[in-house]
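4 protein chains.
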Amino acid sequence: MPGNTFGHLFRVTTAGESHGPGYVCIVDGMPAGIPLDASDLQGDLDRRRPGQSKVTTQRREGDEAEILSGVFEGHTTGTPVAVLIRNHDQRSRDYGNLSETYRPGHADFTFDAKYGIRDHRGGGRSSARETAVRVAAGAMAKKLLAIVHGVSVVGYVRQIGHLKADIPDPAAVTLESVEQNIVRCPDPATAEAMVSLIESARADGDSIGGIGEIVATGVPPGWGDPVFDKLKADLGKALFSLPAVLGVEYGAGFDVATARGSDNNDLFSSQNTDSAGHRGQPPMVPGGKRIVTETNRHGGMLGGISSGMPIVLRCAVKPTSSLPRDQQTVTRRAEATTVATHGRHDPCLLPRFVPMAEAMVAITLADHFLRQQAATGPSRS
Amino acid sequence: MPGNTFGHLFRVTTAGESHGPGYVCIVDGMPAGIPLDASDLQGDLDRRRPGQSKVTTQRREGDEAEILSGVFEGHTTGTPVAVLIRNHDQRSRDYGNLSETYRPGHADFTFDAKYGIRDHRGGGRSSARETAVRVAAGAMAKKLLAIVHGVSVVGYVRQIGHLKADIPDPAAVTLESVEQNIVRCPDPATAEAMVSLIESARADGDSIGGIGEIVATGVPPGWGDPVFDKLKADLGKALFSLPAVLGVEYGAGFDVATARGSDNNDLFSSQNTDSAGHRGQPPMVPGGKRIVTETNRHGGMLGGISSGMPIVLRCAVKPTSSLPRDQQTVTRRAEATTVATHGRHDPCLLPRFVPMAEAMVAITLADHFLRQQAATGPSRS
Amino acid sequence: MPGNTFGHLFRVTTAGESHGPGYVCIVDGMPAGIPLDASDLQGDLDRRRPGQSKVTTQRREGDEAEILSGVFEGHTTGTPVAVLIRNHDQRSRDYGNLSETYRPGHADFTFDAKYGIRDHRGGGRSSARETAVRVAAGAMAKKLLAIVHGVSVVGYVRQIGHLKADIPDPAAVTLESVEQNIVRCPDPATAEAMVSLIESARADGDSIGGIGEIVATGVPPGWGDPVFDKLKADLGKALFSLPAVLGVEYGAGFDVATARGSDNNDLFSSQNTDSAGHRGQPPMVPGGKRIVTETNRHGGMLGGISSGMPIVLRCAVKPTSSLPRDQQTVTRRAEATTVATHGRHDPCLLPRFVPMAEAMVAITLADHFLRQQAATGPSRS
Amino acid sequence: MPGNTFGHLFRVTTAGESHGPGYVCIVDGMPAGIPLDASDLQGDLDRRRPGQSKVTTQRREGDEAEILSGVFEGHTTGTPVAVLIRNHDQRSRDYGNLSETYRPGHADFTFDAKYGIRDHRGGGRSSARETAVRVAAGAMAKKLLAIVHGVSVVGYVRQIGHLKADIPDPAAVTLESVEQNIVRCPDPATAEAMVSLIESARADGDSIGGIGEIVATGVPPGWGDPVFDKLKADLGKALFSLPAVLGVEYGAGFDVATARGSDNNDLFSSQNTDSAGHRGQPPMVPGGKRIVTETNRHGGMLGGISSGMPIVLRCAVKPTSSLPRDQQTVTRRAEATTVATHGRHDPCLLPRFVPMAEAMVAITLADHFLRQQAATGPSRS
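Residue numbers (our numbering), protein chains in the order written: chain A, 9 to 389; chain B, 9 to 389; chain C, 9 to 389; chain D, 9 to 389.
Just so you know, the hints here were simulated from the structure itself, not pulled from any lab data. For each residue, glycine too, the CB sits at the ideal point set by N, CA and C. Any given hint could be a false lead.
Claimed, not checked - Some but not every residue of chain C turned toward chain B, in silico, with C-beta under 10 Å:
(1) Gly11
(2) Phe18
(3) Asp36
(4) Gly70
(5) Glu72
(6) Glu81
(7) His83
(8) Leu106
(9) Tyr123
(10) Arg126
(11) Leu183
(12) Ser185
Said to hold, decoys possible - Below, a list of computed lysine-lysine pairs in the DSSO-like style, where the Cα atoms sit at most 30 Å apart:
(13) A:Lys172 / A:Lys62
(14) A:Lys62 / A:Lys297
(15) D:Lys172 / C:Lys172
(16) B:Lys172 / A:Lys172
(17) D:Lys297 / D:Lys172
(18) D:Lys62 / D:Lys297
To be verified - Quick list of simulated restraints, FRET-style, between CB atoms:
(19) B:Gly158 / D:Gly41: 47 to 55 Å
(20) A:Ala197 / B:Glu302: 54 to 62 Å
(21) C:Ala154 / A:Ala154: 33 to 41 Å
Using the sequences provided together with the hints, build the complete structure.
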C-alpha cells in the first residue's frame with residue numbers, strides 16, 4: 009500500500025520532490041457547489057512558505073498554486089480538485105556533496121534502505137516542502153468546514169525551548185491574534201522572548217524545538233468512527249505524518265498519567281443554546297438546551313467521538329536536524345565522515361509548522377464530516 | 009467509511025459488544041504456511057483478561073478463542089483467519105439504571121449523539137472488552153513477525169501516578185521480566201510501590217493513570233511509507249485507537265521541545281554485524297558492517313521509516329472513568345443528576361493495557377512488513 | 009491487499025471454508041435504527057441453500073444464521089453486524105482422494121500455485137458455500153435499500169442452455185413470480201422445459217450453463233462515482249466476484265456491438281410523477297415532472313451513474329465443473345491421471361445463483377447509496 | 009468514497025476535465041529502480057489521441073505528457089509518479105448551446121442529478137479524454153510487468169458491427185500486427201471492411217459499435233485474491249470503468265450459457281518448459297515441467313486466480329452517442345427539445361478504445377503482481 013493518500017471521503021493524494029519540477033495534490037471528495045478559487049489557497053500557502061520572516065529559512069519560494077480541475081465558474085463541481093505548485097528556487101548544487109553521505113536526523117539513510125536509491129537533492133520526497141500541497145488541500149477543507157458547520161481550525165505556538173506561552177482559553181485564540189507576530193504565538197510577551205531564543209540558536213549554528221497547539225471549534229458531537237478510526241486516532245495519524253513530530257497529545261495529554269479519576273473526569277451539565285458557548289454545536293435535547301462538560305480535560309473527544317467541546321491537540325516538534333556545523337556520520341559504504349549542511353534552514357520549525365498542522369487537522373475533520381454525513385445524512389451531523 | 013478495520017495488507021476487522029453474544033475478528037492477509045492454533049492466541053488473551061490479579065477488575069471472563077477459518081492441519085492457508093470469543097459473564101443488570109444517564113468520561117453521550125441510539129449495556133461497542141479480539145489478532149502478528157524477521161514486541165508499565173520505573177535499556181526488557189509482577193513493570197522495586205498505589209486508589213473509590221512503553225526490536229531499516237503512512241503515523245493511530253489513550257510519543261518524545269538540534273540529532277556510525285547489537289537488522293553495506301546510530305532519541309524511525317534501531321513508543325493512559333462514587337452528570341434530556349458505577353472496574357488500566365498496546369504495535373508492524381515486501385520482495389526487506 | 013472485503017461505506021468482510029467450523033461475515037456501515045433480526049436473513053438463505061429441490065444438489069445444509077453483534081432490541085445500532093453460519097454436513101471423506109489431484113474447472117491448481125498449500129476439502133475457500141454469508145449481508149442491504157428509497161432487487165433465470173425465457177418487462181418481475189417454480193424463471197412455460205433440461209443433464213452425468221438476470225428498481229438518479237467507481241464498474245466487479253461467472257452485461261449489453269448510434273441512444277422525455285412509472289425516483293424538475301428515457305438500452309446507467317430507470321444486468325454462468333465421470337487431469341507432481349467427483353453437486357448452478365447475484369447487486373447499491381449520501385446528504389440522494 | 013482512484017498497491021488517481029486547464033494522474037506504488045521517462049508514455053498516448061486517422065475524430069490534441077515527480081536520473085525512485093497533460097484545443101464554444109440540454113446517451117443528465125451542477129463543456133469529467141492519463145499510467149504498468157515477469161498486454165478490435173475478425177490464436181497477436189492498420193484489427197481483410205463500414209456510418213451521420221479483445225500473456229499462476237478481489241472481478245471493474253462499455257466477458261464468455269460441463273471444462277496436462285508454450289510461466293513442478301490446460305475456455309483464470317494460460321477478455325463498446333443529427337431530448341426543466349452535436353466525434357470508438365483497454369488491464373495486473381508479491385515475496389510469484 010503506497011502511502012501518499014490520506015483520508016477516505018475527503019481524500020488527499022500528493023506527489024512531488026523538493027528538487028523536481030513541482031508538487032501536485034489531488035483532493036477527491038470535495039462536495040459540489042463550494043465557492044473556490046486559487047486565492048483561497050494562497051493565504052495559508054503564504055503562512056507556510058519559506059523566507060517569510062527573520063525566524064525562518066531565508067530560502068525564497070513563491071509557492072503559487074494553480075488549480076487544474078474540479079472548479080467551474082468559481083464553484084467546485086464535485087469532481088477532483090488538482091493543484092499544481094511548481095518548484096523554482098531549486099539550487100540543487102547546494103546538495104551535490106551529499107550524494108554519498110547520510111545527514112544525521114534526516115531520512116537519507118532510511119530512504120536509501122527502503123528504496124535502494126538515493127535522491128540526494130535536499131531531501132527529495134522527505135522534504136518538508138511536500139507540505140505545501142497539503143496546506144493547499146487543508147485550505148479547501150477549512151472552507152468546507154466553515155461553510156457546512158462553522159467549524160474553525162486555529163493553530164499557534166505553545167512552547168519553544170523552555171519558553172511556554174500563557175494561553176488562558178485555547179478556544180478563544182483567533183487567527184488574527186496568532187498572526188500578529190512572526191513566531192505565531194498569541195501571547196505577545198512570550199512571543200518576543202521566543203524570537204530572541206530562535207535568533208540566539210541560529211547565531212550558535214544550532215536549532216531549537218517546541219510545541220504547537222491546534223484547536224478546532226464548532227465541531228458538533230458525533231464525529232469519529234469507533235473503533236479503529238476514532239477521531240483521536242485519525243487526528244493522531246494526521247499530525248504524526250508531519251515531519252519532525254515526535255509526540256501528539258490532546259486534552260490533558262500526558263498529564264493524565266499522574267491524575268486520579270475523580271479529578272480527571274469532566275462532569276456533564278447543560279447550557280441554554282443562546283448562551284455564549286462554543287459555535288456550531290446543534291442542540292441535542294429538547295428545550296433549547298445542549299449538553300456540555302464543565303471542564304475540557306478530554307480535549308473534545310470521548311470514546312474517540314467528538315463531544316461538541318473544543319478539540320485541543322498538541323505536537324512536539326524536534327529542533328531542525330540540518331545544522332551548519334560538522335556532525336559525525338557515515339557514508340553509504342559505512343565509512344566514518346562528517347557533514348555540515350550549509351543550505352538555508354529554519355532555526356526553529358514551529359512558526360511554519362502552525363499552518364501545516366492546521367491543514368492536517370482540517371483535512372481529518374473534513375473527512376469525518378463526510379463520513380458522518382454518509383451514515384446519517386445532514387440532519388443529525 | 010465505517011471504522012472497524014485496521015491495516016491494509018495485514019487487515020484486522022472486529023465486531024461485537026460487551027453484552028452481546030460475543031466478539032469476532034477477521035484477520036485478512038496472514039500469509040500461508042505459518043504454524044498457528046488457538047493456543048497461540050491464549051497467552052496474550054490471558055494477559056489481557058479481567059480478574060487476573062488483585063490490581064485489576066474482579067470481573068471474570070474466560071476469553072477463550074475459537075479459530076473459525078484460515079487454518080488447516082495446523083498451518084495458515086493464506087485465507088482469512090476468523091476468531092470468535094463468546095461473552096459469558098454479561099451481568100447486564102448491573103447497568104440497567106444507566107439507560108438514561110451519561111457516565112462522565114465515557115462514550116455514552118458521544119455514541120448517543122452519533123447514532124441516536126443508546127446501547128447502555130456497559131459500554132456496548134466502546135467497551136474495552138473489544139480489545140480482546142485485537143489481542144488475538146496481535147498474537148498472530150507477533151508470530152508472523154518473529155518468524156520472518158525475528159521481530160519482538162514487548163510492552164511494560166513505565167509510570168503510574170508519580171511513580172516512574174527505572175528502565176536503563178528499553179530494548180533489553182524481556183517478556184519474562186515484565187511478567188514477573190502483576191503490574192507488568194520490569195523494575196521490581198517500583199513495581200511494588202505501584203501495586204500499593206493502585207490499591208490505595210481503589211480503597212479511596214478512585215482510580216489512577218499512567219504511562220505504558222512498547223519496544224519493538226529486530227525491525228529492519230526501510231519499513232514505513234512516506235508521506236502519510238509513515239510508520240510513526242500508523243503506530244500513532246494504532247495506539248490512539250485504544251481506549252483511554254490521550255497521548256503518544258516515540259523516542260525523545262515531548263522532550264524534543266526543549267532540545268537543541270546539536271543535542272537531539274543521533275549520530276551515525278557503523279558496527280560489525282557479529283557484534284552484540286540489536287537483533288534482526290540485515291547488513292546494508294559491504295564488509296559485514298551495518299549502520300547504526302549511537303543514541304536513539306529518534307526512537308527507531310527517521311522520516312517515518314524504520315532505521316533498524318529499536319522502536320520505542322509511550323502512551324499516556326487516563327485513570328479509569330468508572331468510579332464507585334457519585335459524580336455529577338445529566339440525563340439524555342439534559343436534566344441534572346448523579347451517577348455512580350458499581351460494576352467491577354480496574355482501579356488502574358495500565359497492567360491490562362500492556363498486551364493491548366503490544367497487539368496494536370505488532371499489527372501495525374505486520375502490515376508494514378507486508379507493504380515493504382509488496383514493494384521490494386523479501387530480498388531487501 | 010487481501011481480497012475478502014467488498015464495499016467502502018457498506019462494507020462486507022467474509023471468512024470461512026467449506027469444511028472448517030463455519031463462515032462469518034462482518035457488515036460494517038449498516039446505519040443505526042434499521043429493524044433487523046435473524047429471520048430477516050433466513051429467507052434468502054433458504055433460497056440459496058443446497059437440497060432445496062430436485063434441480064439442485066442433494067447436499068443438506070441448514071444454513072442457520074446467528075447475529076453476533078450490531079443489533080440491540082431489534083434494531084441496528086450503527087456498529088458492525090457479525091453473522092455466523094456453522095458448517096454441519098461436512099463429509100470431508102468425500103474429498104479425501106483429491107489431496108494430490110487438480111479437478112478440471114476448479115480452483116484447486118490456482119490456489120495451490122498461489123498459496124503453496126492444498127486445502128483439498130471440497131474447495132476450501134473457493135467453495136460456493138462462501139456465498140451463504142454474502143447472501144446474509146445482501147439481505148441486510150436489501151432491507152436498508154427498501155426502507156430508505158423503496159429500492160427493490162429481483163433476480164431470475166433468463167436462459168438455461170438454449171432455452172430462453174420470455175420476459176416482456178424485466179422491471180415488472182416480482183419475487184413471487186420468480187419463486188413460483190424451482191428453477192426461478194418467471195416464464196412458467198420455459199421454466200418447465202428448463203427443469204427437464206437440467207434433469208436430462210444430470211441423467212447424463214453432465215451439467216449445463218445459463219444466464220441470470222438481475223433488476224433493481226427504485227434507484228434514484230445520481231448513484232455511482234466517476235471515473236473508476238462507476239456504478240456499472242462496481243456492479244460488474246460484484247457479479248464477477250461470484251463463482252462461475254464468465255460474462256456480465258447490462259442494458260443492451262453485447263448487442264451494442266452491432267448497433268448504430270441512432271438506434272442505440274435512448275431518447276429523453278418527461279413524465280408526470282403521479283404516473284404509474286418506476287418506483288422511488290425523486291422529481292428532478294419543477295412542476296411534478298421527472299425525466300425518463302423512452303427505452304432502456306442503457307440499462308439504467310449513463311456515464312456510470314444511475315439514471316433513475318431500472319438497472320438491468322445479466323451474468324453468464326458456466327456449467328458446474330464437478331462431474332461424476334472420469335476427466336483427464338494431472339497431480340500436483342504433473343503426472344497424468346483422471347478424476348471423477350462423486351460428491352453431490354448441482355447439475356445447473358442457475359437456480360441457486362439467483363439469490364447470490366441479488367445479494368451482490370444489493371450490497372453494491374447500498375454502498376453507493378451511502379456514498380451518495382456522504383457527498384450530498386439525503387436531500388438530493 | 010470518491011471514485012477517482014483505482015488499485016491498491018499500484019494505485020492510479022486521476023483528475024481533470026475536457027475543457028479545464030489539463031489532466032493529471034498520480035501513480036503511487038511504482039517500484040523503485042524501473043527505467044522511465046516521458047517517451048515511454050508517448051507511444052500509447054499517440055495510439056489513443058484524437059485525429060490520428062480518418063476513422064477517428066478529427067479533433068487534434070497533442071497529448072504531451074510531462075512527468076512531474078517520482079523519477080530521478082532516468083529511473084523511478086519508489087515515490088509517486090505524477091503526470092500532467094495540458095489541454096490545448098478546448099473549443100468550448102462548440103458546446104455553448106448545451107448548457108441547458110441533455111444529450112441522449114451521455115452523462116449530462118446523470119451528472120446533473122448527482123452534483124446539482126452542469127459543467128456543459130463537452131462532457132467535463134465524463135469525457136473520454138480523461139482516459140489519456142489512464143493510458144499514461146497504463147504505459148508505466150506495462151513497463152513494470154514486462155520487466156518483472158515478461159508479461160505482455162495486447163489489445164485489438166475483434167468486431168465492428170457484424171464484421172468479425174478471424175483471430176485463430178489470440179495469444180499470438182502482436183502489437184505490430186495490430187498497428188498495421190488504422191482500425192487496429194490484426195485480420196487485414198476484415199480490417200479493410202471495417203474501415204469502409206466506419207466511413208459509411210460517418211457518411212450517414214451515424215456511428216457504429218463493436219467488440220475489443222485484450223490478451224495478457226506471461227502472467228504466472230497465482231495472481232488474484234479470493235473472494236471479492238478475484239482477478240476476473242478486478243479486470244471486470246477495470247474495463248467497465250471505461251466509457252461506453254456495456255459488457256465484459258473472458259474466455260468462453262456468454263457462450264458458457266449453452267455449454268455442458270463435459271465440453272466446457274479445460275483438461276489439465278503438463279508440458280516441458282522448453283516447449284514453445286506461453287511465455288513467462290514459472291515451472292510449478294519438479295522435472296522442468298509445468299501444468300497447462302489443453303484448451304483455454306477459462307480465459308486464463310480459475311477461481312478468479314490466474315492459471316498461467318493467456319488471459320483473454322472482450323468488451324462490448326456502444327456506438328458513439330454524439331450524432332450530428334437532431335435527436336429528441338429534454339432541457340434541465342424537462343421541456344421537450346432536440347439536440348444535434350456538431351463537435352468532431354469518432355464515428356466508431358473501437359480503434360481508440362484498444363489502448364485504453366490495454367491500459368486498464370495492465371494497471372490491474374500490476375496491482376495484482378504487487379499484491380501477490382506482498383503475500384509471498386518474489387520467490388513464488
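Does Asp36 of chain C pass the interface hint, meaning its C-beta sits closer than 10 Å to a C-beta of chain B?
Hint on Asp36 of chain C: holds, closest Cβ of chain B at ~4 Å, below 10 Å.
Double-check Glu81 of chain C for me: the hint is only fine if its C-beta lies closer than 10 Å to a C-beta in chain B.
9 Å, holds
Take a quick look at whether Lys172 of chain D and Lys172 of chain C sit within 30 Å of each other, Cα to Cα.
25 Å, holds
Proposed proximity, Lys297 of chain D with Lys62 of chain D (alpha carbon, max 30 Å):
49 Å, violated
Next item in the hint list is Leu106 of chain C. Is there a CB on chain B closer than 10 Å to its CB?
14 Å, violated
Should the interface hint for Gly11 of chain C be scored as holding, given a Cβ-Cβ cut-off of 10 Å against chain B?
With a closest approach of 8 Å, the Gly11 of chain C hint holds.
Would the hint on His83 of chain C stand, with a C-beta cut-off of 10 Å toward chain B?
Nearest chain B Cβ about 7 Å off; hint holds.
Are the Cα atoms of Lys297 of chain D and Lys172 of chain D separated by 30 Å or less?
37 Å, violated
Compare the distance between the alpha carbons of Lys62 of chain A and Lys297 of chain A with 30 Å, and conclude whether the hinted pair is satisfied.
Roughly 49 Å between the alpha carbons, so the hint for Lys62 of chain A and Lys297 of chain A is violated.
Go ahead and decide if the range 33 to 41 Å is satisfied by the Cβ distance of Ala154 of chain C to Ala154 of chain A.
37 Å, holds
Falls inside 54 to 62 Å, the C-beta gap from Ala197 of chain A to Glu302 of chain B?
39 Å, violated
Quick check on Phe18 of chain C please, does its C-beta sit within 10 Å of some C-beta on chain B?
8 Å, holds
Hints 4, 5, 8, 11, 12, 14, 17, 18, 19 and 20, counting from the list given before, are not met by this structure.
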